[in-house]
Amino acid sequence: MTAPITTVAMPVTITINGEARDLAVAPFRTLLDVLRNEAGLTGTKKGCDVGDCGACTVLLDGEPVNACLVLAVEVDGRAVTTIEGIAPEPDRLHPLQESFMALGASQCGFCTPGIIVMAKALLDRNPDPTEDEIRFGLAGNICRCTGYTKIVEAIRATARQMAAAGQPRE
Amino acid sequence: MTSVIGKSVKRTDTLGKVTGGAVYAGDVVLPGMLFGRMKRSTVAHARIASIDVSKALALPGVKAILTHADVPRVLHYGSPHPRSASVTQDQYILDTKVRYWGEGVAAVAATSEEIAELACELITVDYEPLPAVFTVDEALAPAAPKIHDVGPGGNLVLDPFLIKRGDVEKGFAEAELIIEGEYGMGRPTPAYMEPNVCLCQWDPLGKLTIWTSTQSPFMVRGTLAEVLGLPLNKVRVLVDHMGGGFGAKQDLFQHEFLCALLAQRTRRPVRMEFTRKETFLGGRTRHPGTIWLRQGFKRDGTITAREAKIVFNSGAYGSHGPGVTAVATASLTSLYRCENVRLEGRCVYTNTPIAGAFRGYGVVQSYYALDIQMDEVAETLGIDPAELKLKNAVREGDIAPSNHPLTGHGLEDCIRRGIMETGWATRRARGRAPQTGRLKRGWGMGCEMHGSSAYPGIKEQGNAVVRMNEDGSVTLLTGTTGLGTGAHTALAQITAEELGVRFEDVAVVHGDTDVVPWDIGAFASHTTFMAGRACQMAAAQVKAKVLARAADKLEVSAADLEVQDSVITVRGVPGMRLTVREAIAAERGIPAPQLLGEGSYHPTKAYSFGAHFVEVEVDTETGQVSVLQVVPVHEIGKVIHPIAAAGQIEGGIQQGIGHTLSEDYVIDPKDGRSLNASFVDYKMPLAMDMPPIRTIILETAPSDGGPFGAKGVGEDPIIAIGPAIANAIHDAIGVRFRHYPITPEQILAALAEKAGEQAA
Ligand code: FES
Ligand code: FES
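In order, the protein sequence lines correspond to chains A and G.
Counted the way this note's numbering counts, the first sequence spans residues 1 to 170.
Counted the way this note's numbering counts, the second sequence spans residues 1 to 760.
In case anyone wonders, no lab produced these hints; they're calculated from the structure.
Check each hint, because a few of them may be wrong.
Said to hold, decoys possible - Here are a few chain G residues that sit away from chain A, every Cβ distance over 10 angstroms (derived from the structure):
no., residue
1, T275
2, R467
3, A749
As the list claims (entries may be wrong) - A few chain G residues that face chain A, going by a derived Cβ cut-off under 8 angstroms, partial list only:
no., residue
4, T12
5, M193
6, E194
7, M242
8, H404
9, I458
10, Q461
11, G651
12, A687
13, M690
Since the structure is predicted, the reported quantities are computational estimates derived from the model, not experimental observations.
No residue lacks a Cβ here, since even glycine has one placed at the ideal position from N, Cα and C.
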């Protein structure tokens, strides 16, 4: 008979969207499941749970990762930014969020959180990406609805707009 | 007159999507919720001799297990369009037999997903294997094992579907050129991003609430009620946002029944979420198959006769097999005019995954064959293919596949515009310099037409309730689902326009079968067309009530009133005005007037049209085909929201490129096992594969039936892209492919064969 599943929870402290959260997590739990189920942040989506689709993209200490491929216990003491933490202030959206809405870059929206987070990471590194660089940057993010046309447009428009505004990136 | 029709207003659904606040079925958590999982079959065809759940039940945390012995045995429709001829009644929740590898045989509810999964592993099933058939040919062989007891027999899902018009013999006798060929189609899947998921809860009075990712909540309600033996007011279906469906989420899936029963058994809420692998296994695919097509032509390109035999592989259950077969067969009566046709469609059970509804619904397959054959004929006759298609294009007054006369010259308009936009004649092999290097480029085009709504195949009806609140704001209640297309925004635009209020004043309520008017589901490119028209009708009633009150107050005739941006004015009397809010303000005895409108629309038939022009580049050393650019030209009547319409077109093209060049869900021909049930192995075009798309939308053939002349657009764009690519490959390398997907290996093999022929 298979051994019962160990559910000894380990205490971790993860800074999620700027707020330190003390959580008790089973060692086999992914960051994705902990964000969605324990932290109550369901904006990050599960499209595959095996690292193939990018729907679960979050920033870990500023770098994009697939949250389904990271164990929650690994991120003890580190900082995670999810789609819920992308907007600079509660009442002000990130320019990427504005462009995605205005230019129709989100249809069913299931890929959108991951893609916006990935695009933010891309613009943080490269404020003026070419179309090819944007497409390469999204190589790990599946969108089945849009053909990417408007996603690429929205990211380029955001880059232009942020450059024009001379805005520091948060 | 400012108008909100044709304006890309900010969609009402996307704020939640870009902030992460949008709630999908899998985001809902209820106190005490359990996790459900299905045990799936590891054989393709077998009788279940016994199932032993004792070990699994003993596992701490397991709360309930269901096998075929524990669930109602009610034969039900795979896709719940009640009693329509489009779908079959051939499924049980759990049967004593399995008919494909991956079919559910038992279900577990446990306190965690891990425990539920482990419990599934601990269930042992004793299968008595039955001979299995994986191809249509095997299934149609005289001694083939019988997969179902229902149906016409011989593993047919339905009796052959026949269409005859004119005199085919005479047509072929008059032909100066007869061409025939067989065209083959792989097995693409919709691969929506959100895996199937539902959450069920029962209340103390025995009412079931189910949150589920479905395109057709009222159909889910109807079938669940029927199978579980409940009145309709004891089943409530909720769906707010959903992560794509593309047709396939019209079906009612095994897990939706099982989740409800597990919740009933445990008296706790249960969530059941597919893994990605299960979304392939237990999902729905497009129908694979073959189409034999034969046409007669005059030397000038006139078509004299058309004959076709379609054979679709339905997989283990019928699902939408009858509907897809009928639509595919009927579609060959048209697109290119031909008076003499004889068409036959068959759909066959096999022990493979279930084929169902998928954007394009049979027409993807039939126009792939037709449009490639037109290219072949053009080549033989020495006529430019675009000119040949233009010459034969359906036009005003022609009888459509639905037997309705067409309005407008949409297809011709699309072809002409594409020819102009692309500089077509100079792009094709005949008009350009020979290519020498390793990379060869070519241009191709394909055409399509597609009905807005499934009428008359399904008796359809769009409904809407519009209510004006006492402050002049408007609440629109719609039963349509938010599939991701932006349809709710379009419905709000239509309502605002008709009623004369601002777009911002309309709030949309949807996604709760207890509250919103009945809806057949979001499919068949009909939401904006059909529900939109119902919204317009309902809004007009409210407007009349508002204007009647305004007329009283202003002491003028209501016929002289106009309302725009919520301000009522009197024609010819400048300065006399009243806001809507003032018009409906409380009066003595009437604290809040009841301003309700209700629209029910039984659609007429409308068709949208498209022509896709495509440039490809073939790497003759690797066999890789890159699509370099696409110029889709669509005629879709009056456009309500241009960005959303263009988004449908771009997304359809993405899926169509995938169908044509890489997507094929492969079933092992030895044992029926799925070989590529993951996003890594099932290869879809992603950001780096997608070419620039220059979308052109025409509004030259509006429909009288649609709101403000609108027609459908959802399915159209996936249809013409396939043959356009196949034809472009031929233009690039001179090799004709008559199937999809066209893989690099096949390109290389064909090039080698061609080189061999030339050397010999
Ligand atoms: S859910 Fe993590 S990559 Fe798909
Ligand atoms: S918007 Fe649906 S998957 Fe991207």
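Those earlier numbered hints the structure runs against, lowest number first
1, 4, 8, 9 and 10
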